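J.: With the hints as constraints, model all of the structure from the sequences given.
Chains as they are written, first to last, in the working numbering: chain D, 1 to 791; chain B, 1 to 332.
Any given hint could turn out to be false.
[Unchecked claim] Calculated cross-link-like contacts (lysine-lysine; reagent style DSSO-like; alpha-carbon spacing at most 30 Å):
hint: 1; chain 1: B; residue 1: 312; chain 2: B; residue 2: 238
hint: 2; chain 1: D; residue 1: 355; chain 2: B; residue 2: 36
hint: 3; chain 1: B; residue 1: 36; chain 2: B; residue 2: 48
hint: 4; chain 1: B; residue 1: 81; chain 2: B; residue 2: 35
hint: 5; chain 1: B; residue 1: 312; chain 2: D; residue 2: 561
hint: 6; chain 1: B; residue 1: 36; chain 2: B; residue 2: 55
[Unchecked claim] What follows is a list of derived Cβ distance ranges for each label pair:
hint: 7; chain 1: D; residue 1: 712; chain 2: B; residue 2: 186; range: 37 to 45 Å
hint: 8; chain 1: B; residue 1: 202; chain 2: D; residue 2: 490; range: 50 to 58 Å
hint: 9; chain 1: B; residue 1: 207; chain 2: D; residue 2: 93; range: 37 to 45 Å
hint: 10; chain 1: D; residue 1: 718; chain 2: B; residue 2: 203; range: 25 to 33 Å
hint: 11; chain 1: B; residue 1: 274; chain 2: D; residue 2: 196; range: 32 to 40 Å
hint: 12; chain 1: D; residue 1: 236; chain 2: B; residue 2: 203; range: 38 to 46 Å
hint: 13; chain 1: B; residue 1: 154; chain 2: D; residue 2: 439; range: 27 to 35 Å
hint: 14; chain 1: B; residue 1: 272; chain 2: D; residue 2: 196; range: 30 to 38 Å
hint: 15; chain 1: B; residue 1: 99; chain 2: D; residue 2: 716; range: 52 to 60 Å
hint: 16; chain 1: B; residue 1: 244; chain 2: D; residue 2: 504; range: 29 to 37 Å
hint: 17; chain 1: B; residue 1: 272; chain 2: D; residue 2: 75; range: 51 to 59 Å
hint: 18; chain 1: D; residue 1: 490; chain 2: B; residue 2: 119; range: 16 to 24 Å
hint: 19; chain 1: B; residue 1: 157; chain 2: D; residue 2: 282; range: 41 to 49 Å
Keep in mind that the hints were calculated from the coordinates and are not lab data. None of the values given here were measured: they were computed from a predicted structure. We put the beta carbon where it would ideally sit given N, CA and C, even for glycine.
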Amino acid sequence: MKVLLSWLREFTPIPESMSPDELGLVMGDLGMAVEDMDVLGEGLDGIVVARVLDLRVHPDADRVQLVDVDAGQIADGGEPLQIACGAFNMSVGDLVPLATIGTTMPNGMEIGRRKLRGEWSNGMLCSPSELNLPGEPTGILILPGTLTPGTPLVEALGIEADVLYDLEVNPNRPDAMSVAGVARDVAARLGLPFRLPEPEIAEGTTAVDDLVRVTIDDPDRCGRFTARVLQGVTVGPSDPKIANRLTLLGMRPINNIVDVSNYVMLELGRPSHPYDLATLGGAGFRVRRATDGETLTTLDDVERTLSAADLLICDGDDAPIGLAGIMGGADTEISESTTDIVVEMAWFERMPLAKSARRLGLRSEASARFERGCDTDDMALAHARFVELLGDAGGTLAAGMVDVQGNLPDRTPIAVRPGRVNALLGSDLGADEMKALLDPIGFTTEIGDDSLTVALPTYRLDSETEVDIVEEVGRQYGYSRLGQTMPVSTLAGGLTVRQRERRALRSILTGLGCSEATPMPFLAPGDLERAGLPGDGITITNPLVAEESVLRTSLLPGLLKAVRHNVNHRNEDIALFEIGHVFRRPHDPDAELPDEREVFAAIVVGADANDAVTIWRTVCDGLAVPDSDVANAEMPAMHPTRSGVARVGGAPVGSIGEVDPDVLAAYDIPHRVAWLEVDVERFLAHPHGEPTYTRVSRFPSSDIDLAFEVAEGVSATEVADAIDDAAGELVGFVRLFDTYRGEGVGDDARSLTYRIRLQAPDRTLTDGEVGDVRTRIIERVEGTFPASLRG
Amino acid sequence: MIDELSRITSQAQARIEAATTVDELDEVGRSTLGKKGSLKAFKKQLGKLEPDERKSVGQAVNDAMADLGARSDERRHELEKQARTERLEAERLDLTESLGSSRRGHLHLVTQATMELEDVFVGLGFTVAEGPEVETDAYNFEALNFPEGHPARDMYDTLYVDFGEPGKTLLRTHTSPVQVRVMQEQPPPIYSIMPGRTFRQDTADATHLPVFHQIEGLVIDRGISLTDLAGTIDRFTKAYFGGDFSSRLRPSYFPFTEPSAEFDIIRPDGTFLELGGCGMVHPNVLRNCGIDPEEFSGFAFGFGIERLAITKAGVDDLRELITNDVRFLRQF
Chain D
1 MKVLLSWLRE
11 FTPIPESMSP
21 DELGLVMGDL
31 GMAVEDMDVL
41 GEGLDGIVVA
51 RVLDLRVHPD
61 ADRVQLVDVD
71 AGQIADGGEP
81 LQIACGAFNM
91 SVGDLVPLAT
101 IGTTMPNGME
111 IGRRKLRGEW
121 SNGMLCSPSE
131 LNLPGEPTGI
141 LILPGTLTPG
151 TPLVEALGIE
161 ADVLYDLEVN
171 PNRPDAMSVA
181 GVARDVAARL
191 GLPFRLPEPE
201 IAEGTTAVDD
211 LVRVTIDDPD
221 RCGRFTARVL
231 QGVTVGPSDP
241 KIANRLTLLG
251 MRPINNIVDV
261 SNYVMLELGR
271 PSHPYDLATL
281 GGAGFRVRRA
291 TDGETLTTLD
301 DVERTLSAAD
311 LLICDGDDAP
321 IGLAGIMGGA
331 DTEISESTTD
341 IVVEMAWFER
351 MPLAKSARRL
361 GLRSEASARF
371 ERGCDTDDMA
381 LAHARFVELL
391 GDAGGTLAAG
401 MVDVQGNLPD
411 RTPIAVRPGR
421 VNALLGSDLG
431 ADEMKALLDP
441 IGFTTEIGDD
451 SLTVALPTYR
461 LDSETEVDIV
471 EEVGRQYGYS
481 RLGQTMPVST
491 LAGGLTVRQR
501 ERRALRSILT
511 GLGCSEATPM
521 PFLAPGDLER
531 AGLPGDGITI
541 TNPLVAEESV
551 LRTSLLPGLL
561 KAVRHNVNHR
571 NEDIALFEIG
581 HVFRRPHDPD
591 AELPDEREVF
601 AAIVVGADAN
611 DAVTIWRTVC
621 DGLAVPDSDV
631 ANAEMPAMHP
641 TRSGVARVGG
651 APVGSIGEVD
661 PDVLAAYDIP
671 HRVAWLEVDV
681 ERFLAHPHGE
691 PTYTRVSRFP
701 SSDIDLAFEV
711 AEGVSATEVA
721 DAIDDAAGEL
731 VGFVRLFDTY
741 RGEGVGDDAR
751 SLTYRIRLQA
761 PDRTLTDGEV
771 GDVRTRIIER
781 VEGTFPASLR
791 G
Chain B
1 MIDELSRITS
11 QAQARIEAAT
21 TVDELDEVGR
31 STLGKKGSLK
41 AFKKQLGKLE
51 PDERKSVGQA
61 VNDAMADLGA
71 RSDERRHELE
81 KQARTERLEA
91 ERLDLTESLG
101 SSRRGHLHLV
111 TQATMELEDV
121 FVGLGFTVAE
131 GPEVETDAYN
141 FEALNFPEGH
151 PARDMYDTLY
161 VDFGEPGKTL
171 LRTHTSPVQV
181 RVMQEQPPPI
191 YSIMPGRTFR
201 QDTADATHLP
211 VFHQIEGLVI
221 DRGISLTDLA
231 GTIDRFTKAY
241 FGGDFSSRLR
251 PSYFPFTEPS
261 AEFDIIRPDG
271 TFLELGGCGM
281 VHPNVLRNCG
291 IDPEEFSGFA
301 FGFGIERLAI
311 TKAGVDDLRE
321 LITNDVRFLR
331 QF
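T.: Set out below in structure tokens:
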């Protein structure tokens, strides 16, 4: 919402001594944050209206035009003035602002006569932003055609020194959608008087009821419909002051009728709609729901297809002429030939209107106000203001106001407990202090024995309950004046086990040299397939771009993309990890939400499956997860002969190994890539994190090294497990320390050499004991697997 | 006899001096002082001498043996020292030629900021709560006092997913649904923060990301007031930014809080950063979560983590956070 200081001052005497910044802080502290502030009318001395006489491209610079202008000198027999200009948005005959030689621009730049590639420029044509005026910031400001060349711009536009604020208005501040509403709030804070306009208007003799009839079919959606009629109006340009204020506040002047309608909306927050009475069929209005599929061409010349949820203003013959509170129809627009107008001011229910506007993708200044909640009782004043502003052009006002009531929100005063107010605000205000804060903003308060009775203003439909009043008291008092206290938590703060483990996991992975990546969890269609995964991701129904329309089912596509980026930039030692959520369709068809899981993944470029296994073992060790191992398996997206599953307690919890060469080719990654992806939920579902203590033996240990020829396909891990089991309680560790394929070993086999360390907690082992264990191991391995001890 | 002794000792002395290895020295020892050595053999001849002469020559032999032993030990030390010097020189390593570089991985900037924030609030007695990123409309909006069609829903450019009833499953627009889950699952008092990933329909640019992180806080207890909120925000501000920073609240609007506020962090030079939103939990939200608003009150606050993280690290474009370029990641 934009407001002008001069306009605010029409309602409350904001002191001259208050600087623009100070006023901005006051409004911010009231909840109307200043998004932008422009001090207007400064530095415009020396800017005059000029008419474009001729345009030609600079002979030596195609981005510059040479513009001949009349800055008033032609009438005195002067020659056209040549200006060099970098903008191309003006045409011959346009009026534009010219900064004459010697002018100091608002930004401090001095305008002098200068030569640009051999051509003289005798001043500068100005864009709105160069003048701190509203409008398209680039391109030269095109002025209204009625102005006279040579006139100082300040005089021509009626620009006065002023301050234009752009305020951020929250959805619960319908009152702040108007200059008067902002003024009321500021006046209350500053302890200044506040006065609404009191227009004096004369009525003719014709009764309005004889001119228009109004029917409300849906009293819930249309709570009130008023209309007044002006006969013999003169449609023409607006008073420059009105047109200028509209322009400054971001609305385009159209004609005096439409402009006054907009002016009243900006000033009082009251939208209205003027219709040409001559084109209004049936001399009346009917407010009803649209039928499904009914169409209406709105003011912007777009045909809209409506539904039964949309509310229509129809004429007396039931032909739709406007979308209630959103936009009028094209057929009843005010035109040059209009003589009689009927002005609608109505109240529409907020939420359904908001839904209609959203569904139709149609937002207007009016709908923005209706959505927040317009005043239910400002019509009489707003009609009078409309007529007053139109002045003589308004013709004759028909007597009376058509006023049909539907169902309006309940505004019964509510009880507010001062103790409750103080408890929530942390304040210690008396009932009289609360009343002093509430009365000026219309929440007229009566102090009772136990509670306050607070009136609910018709322009604050957002406020309905006690807590709304608490907020108003706090807001007007000032949040910063309330002070600070510290609540004391009676609970012990801390991280959960899972949160601590996640931090540990991050430490382990960074310790292993992986850096944390955070790829977008959104994928493009086809990304999963390209990564060798099933393309069954849940999709986003309203993505901004198709490239971000699929939820990931694995961290692989995102990390592959990250790897490709790093490879493309010739980055070295690329090792990344990620901890994040993946989303899959759940097995249970009645599940309320997708199957969302936390997973972690590590990806290392130029590393092989063994490196992936090392990462896995380190993670398991770091988080004290016992009973973890790997098993060979073919996995989607994974290298068919260098991959497997990571397991805990024999149950798969993730995929491990190398990425499929075909997938790497699809991502243009010319290296081996080690990969580990683990489902955190499953991984940590097994009992873990409690290391079991075994006293370290003080007695010497004995090692047995055994090389077996083992058939291909037999898991080395399973062989190790069998050795461990056969060795029994004396085993310290079983470690595979050499593998060999080639001469001396059968074609379909490899040699696996294990070192078995034996140790007893209470004695030195005898050769006999060690020999027994050795024999047991050999028998077990040879008896269980296609394997034999090598000689 | 003495001459013979002199000849043997001077010869042995010469050999000790000339020895270049410990082995050579040992050989001298063996051939001179050893069981079959020349001095042992000489000593055996002493028995043939007169007692007087035997005594004096015996004394001379003992002196010679002691002298040779000492000379041998000294030479041994020299040789061992020399051998060590040669061995060490042979294995000399120029550390400036080392090929190894730091292998430490780096935590993402956002993770580091999140952990730091968590630690601040844990220190204030808060726990850390989490929840799903794909949420139902009920948790993301309805329970938070945004009924369907509520205009404030427009403040959130919500992304919906193709799951369940159309338009009812979405990517959470804030971590507030976790607040609802906490309130539903745990009776007051509640002192928790909710960090996590959030989503908006947005185009990535220098100041926006469609996927970003928020941290929210929730306190529900008896007698909690707006000044408690202001105090908590200020305590956090000083703990995270430094003791010379302060904070302030400005009125704002959120459907789930009333009174609502924005909070600014005020830098020592007086400029400020608009950090986030906060307010007293709306009675409707408390009721929706089964908490009696007459018995308990509370506050909530929330803010984005990315902007905080990049401001502190001097990064000027949010998109740096999602390129995953190791040249970026390794700087932090």
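J.: Each hint should be assessed against the structure and marked as holding or not.
T.: For each hint, the structure was consulted:
1. 312/B to 238/B: holds (14 Å)
2. 355/D to 36/B: Roughly 118 Å between the alpha carbons, so the hint for residue 355/D and residue 36/B is violated.
3. 36/B to 48/B: Holds. Residue 36/B to residue 48/B sits at ~19 Å (cutoff 30 Å).
4. 81/B to 35/B: holds (28 Å)
5. 312/B to 561/D: Holds, at about 28 Å.
6. 36/B to 55/B: holds (22 Å)
7. 712/D to 186/B: 37 to 45 Å: violated (56 Å)
8. 202/B to 490/D: 50 to 58 Å: violated (40 Å)
9. 207/B to 93/D: 37 to 45 Å: holds (42 Å)
10. 718/D to 203/B: 25 to 33 Å: violated (53 Å)
11. 274/B to 196/D: 32 to 40 Å: Check passed, 33 Å falls within 32 to 40 Å.
12. 236/D to 203/B: 38 to 46 Å: With a Cβ separation near 44 Å, residue 236/D and residue 203/B satisfy 38 to 46 Å, so the hint holds.
13. 154/B to 439/D: 27 to 35 Å: holds (33 Å)
14. 272/B to 196/D: 30 to 38 Å: Given range 30 to 38 Å: holds, Cβ gap about 35 Å.
15. 99/B to 716/D: 52 to 60 Å: violated (32 Å)
16. 244/B to 504/D: 29 to 37 Å: The hint (29 to 37 Å, Cβ to Cβ) holds, given that residue 244/B and residue 504/D are roughly 35 Å apart.
17. 272/B to 75/D: 51 to 59 Å: With Cβ atoms ~54 Å apart, the hint holds.
18. 490/D to 119/B: 16 to 24 Å: For residue 119/B against residue 490/D, whose Cβ atoms are near 20 Å apart, the range 16 to 24 Å holds.
19. 157/B to 282/D: 41 to 49 Å: Check passed, 43 Å falls within 41 to 49 Å.
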